[in-house]
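Add chain C to chain B, keeping to what the hints say.
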Amino acid sequence: MTSLAARRRANIAGWGMSAPFAAILAVFLLLPILASLAISFTSFSIGNIQDWTSAQFVGFDNYTKLFGDDTFVRSLRNTAYFVLVGMPCTIVIGLLLAVALNQGIGKLRAFFRVGFYLPVVTSIVAIAVVWRYMLDPDVGILNAALAQVGITGPDWLGNPNTTMPSIIALGVWRNIGNAMVIFLAALQTVDPHLYEAARVDGAKGRQLFRHVTVPMLRPAILFVTVITTIGYLQVFEEPFVMTGPTGGPDQSGLTTSLFVYQQGFRFFNLGYASAAAYTLFMFIVVLAIIQFRFLRTRS
Amino acid sequence: MTVLDVGTVRTKARRRTSRDIKGRAPWWLFVLLFGGMLLMVGPFVWMLLGAFKTNADFVRTTPTLLPERWTLDNFSRLFSKQDFLRYLLNSAGIAVVVTFANVLFCSMAGYALAKLRFAGHRPLMGLTLATLMVPGSVTLVPLFVLMSKLGLVNSYAAVTVPFFAGAFGVFLMRQFMFSIPDDLLDAARIDGAGEWRIFLRIVMPLLKPALAALAVFQFLATWNNFLWPLVALTDQSKYTLPVALATFSIGQNKADYGLLMAGSLVLVVPVIVLFLALQRHFTQSIAMTGLKG
Numbered sequence: 001m002t003s004l005a006a007r008r009r010a011n012i013a014g015w016g017m018s019a020p021f022a023a024i025l026a027v028f029l030l031l032p033i034l035a036s037l038a039i040s041f042t043s044f045s046i047g048n049i050q051d052w053t054s055a056q057f058v059g060f061d062n063y064t065k066l067f068g069d070d071t072f073v074r075s076l077r078n079t080a081y082f083v084l085v086g087m088p089c090t091i092v093i094g095l096l097l098a099v100a101l102n103q104g105i106g107k108l109r110a111f112f113r114v115g116f117y118l119p120v121v122t123s124i125v126a127i128a129v130v131w132r133y134m135l136d137p138d139v140g141i142l143n144a145a146l147a148q149v150g151i152t153g154p155d156w157l158g159n160p161n162t163t164m165p166s167i168i169a170l171g172v173w174r175n176i177g178n179a180m181v182i183f184l185a186a187l188q189t190v191d192p193h194l195y196e197a198a199r200v201d202g203a204k205g206r207q208l209f210r211h212v213t214v215p216m217l218r219p220a221i222l223f224v225t226v227i228t229t230i231g232y233l234q235v236f237e238e239p240f241v242m243t244g245p246t247g248g249p250d251q252s253g254l255t256t257s258l259f260v261y262q263q264g265f266r267f268f269n270l271g272y273a274s275a276a277a278y279t280l281f282m283f284i285v286v287l288a289i290i291q292f293r294f295l296r297t298r299s
Numbered sequence: 001m002t003v004l005d006v007g008t009v010r011t012k013a014r015r016r017t018s019r020d021i022k023g024r025a026p027w028w029l030f031v032l033l034f035g036g037m038l039l040m041v042g043p044f045v046w047m048l049l050g051a052f053k054t055n056a057d058f059v060r061t062t063p064t065l066l067p068e069r070w071t072l073d074n075f076s077r078l079f080s081k082q083d084f085l086r087y088l089l090n091s092a093g094i095a096v097v098v099t100f101a102n103v104l105f106c107s108m109a110g111y112a113l114a115k116l117r118f119a120g121h122r123p124l125m126g127l128t129l130a131t132l133m134v135p136g137s138v139t140l141v142p143l144f145v146l147m148s149k150l151g152l153v154n155s156y157a158a159v160t161v162p163f164f165a166g167a168f169g170v171f172l173m174r175q176f177m178f179s180i181p182d183d184l185l186d187a188a189r190i191d192g193a194g195e196w197r198i199f200l201r202i203v204m205p206l207l208k209p210a211l212a213a214l215a216v217f218q219f220l221a222t223w224n225n226f227l228w229p230l231v232a233l234t235d236q237s238k239y240t241l242p243v244a245l246a247t248f249s250i251g252q253n254k255a256d257y258g259l260l261m262a263g264s265l266v267l268v269v270p271v272i273v274l275f276l277a278l279q280r281h282f283t284q285s286i287a288m289t290g291l292k293g
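Chains B and C are the protein sequences, given in the same order. Residues in the first sequence are numbered consecutively from 1, following our numbering. Residues in the second sequence are numbered consecutively from 1, following our numbering.
To be clear, the hints were calculated from the coordinates, so they are not data collected in a lab. It is possible that part of the hints are untrue.
In silico SDA-like cross-links for lysine to any residue, where the CA-CA straight-line distance does not exceed 25 angstroms [said to hold, decoys possible]:
# : chain 1 : residue 1 : chain 2 : residue 2
1 : C       : K238      : B       : I49
2 : C       : K149      : B       : K107
3 : B       : K107      : C       : V45
4 : C       : K149      : B       : R113
Part of the chain B face toward chain C, derived, beta carbon under 8 angstroms [claimed, not checked]:
#  : residue
5  : P20
6  : F21
7  : T122
8  : W131
9  : V139
10 : F267
11 : L270
Label-pair ranges, simulated between beta-carbon atoms [to be verified]:
#  : chain 1 : residue 1 : chain 2 : residue 2 : range
12 : C       : D73       : B       : R210      : 50 to 60 angstroms
13 : C       : V41       : B       : P137      : 21 to 31 angstroms
14 : C       : D191      : B       : T53       : 37 to 47 angstroms
15 : C       : W196      : B       : V92       : 25 to 35 angstroms
C-beta: ideal position from N, C-alpha, C; glycine also.
Chain B extracted, bound-state conformation:
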């Protein structure tokens, strides 16, 4: 009897305390996720907002149209470019930084950790505005510095070939601190006796890194890979500010999230935008599953 009463008490208190969060989760996240799927099968536009039922069901039309839409395909390719180059760079640099800071550098460690982490906490919008100023072909500091050594720098954000590399550089610059902090925390849990044992067996610098550090950090590497990939697939602010909402020259900076924004809130093709957003969502889910499988089974 008492255990039944205790269980009831736990149920009432548990749901009572979770209620505000559960309500927000349901109304502003779960419901929209389902609604987004439903909307993606309709021709929903600005005129249907007041009367939802007036939207026409169009089946998979939005999806078939998407994959025939050069702009959308372009946005997928740009996003893939951003992820495939940006993600490995972030992880490798973040890992090397963490290993470097984990050497005997004494009190300077805290100083470097704060410095490298600083961009992570600051607004991407502000940072992107500053980067655009630095990359400006006429008055920017980068091309001025290049001119000092006799190189004529390109119009970084005005040339379709250098737009995405510039955006990637910004993304990596901003996110290595995050990877570094997680790796640093994981490194401090590695038992120093493992290094000692490996040294006794004759392992040196690079071998220690490859055969002790990397295997021990596998869970952290998996975690950072997954969160970085998920984050990078949604890249929006960087191109929005650096190339403008249209994606810059030859749409070279147009990412999928930017495409969703444009379709949804410039042209108000809300059904079409939802289909694009859902496609991106599916890519994220599939990639996350693959990464979990791949990195887990290899350990």
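For chain C alone, coordinates are given in the frame of chain B:
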């Protein structure tokens, strides 16, 4: 995140031995790290100096690092000709309200999910973790439709209420809750205290550092939030700082770098001050969500 079952208990003694074994770092490592540091901090310095430059400095073909003549003109234009004081207050108000709500609601849910075996706590936790994967662009359209229907587009409610409690905050608080021993809670229960009383009188005071970590994290996230406010706020007077700055930077003030640098500075300085003051809480909580559980 149960895969990441790395023990986080570390003692001072162990850290000391690990450093002894590794020895001192070579000199070139310091050179590299200082070089990297320059790359990380450089843009902020460039922003700071740019905010005090006059127009003459911006049209020079070989730009100088320091302003030729220091001026506050960019700031006076920002706050008098443009309505940046308004955007600053909007941003601050929204961030403070959202932060308070999160500290309360996330710790409530975090306590329930960590310490109360109520029916359905597992599926609720599963859903919470799963939603961390959902991109913001997926909920953008339905959220906008919902807000339009409710007549809330362009209202402060639209940019605050949906963020009153988030999956990340709940997850973070749940992790911290595990550090509170069950025996302590059971003792209070035997003494006849209800769960709410235990939560308010025992758990909350014990978790002050965790609440601070969540507050810092949430304040920064809300302060920097961009995509949803961009969509939901159409009236300029409701703009937050990032929305205003981004809109300016792609609009007619596109090349007015003095104004843009001053605007960026206003957006970035409060965050940097907060971060430097509280950075220990911050990096610790990041590491915590990544490694425990």
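Hint check:
no.	hint	result
1	K238/C x I49/B	22 angstroms, holds
2	K149/C x K107/B	56 angstroms, violated
3	K107/B x V45/C	24 angstroms, holds
4	K149/C x R113/B	47 angstroms, violated
5	P20	4 angstroms, holds
6	F21	4 angstroms, holds
7	T122	5 angstroms, holds
8	W131	7 angstroms, holds
9	V139	6 angstroms, holds
10	F267	12 angstroms, violated
11	L270	5 angstroms, holds
12	D73/C x R210/B: 50 to 60 angstroms	56 angstroms, holds
13	V41/C x P137/B: 21 to 31 angstroms	24 angstroms, holds
14	D191/C x T53/B: 37 to 47 angstroms	56 angstroms, violated
15	W196/C x V92/B: 25 to 35 angstroms	49 angstroms, violated
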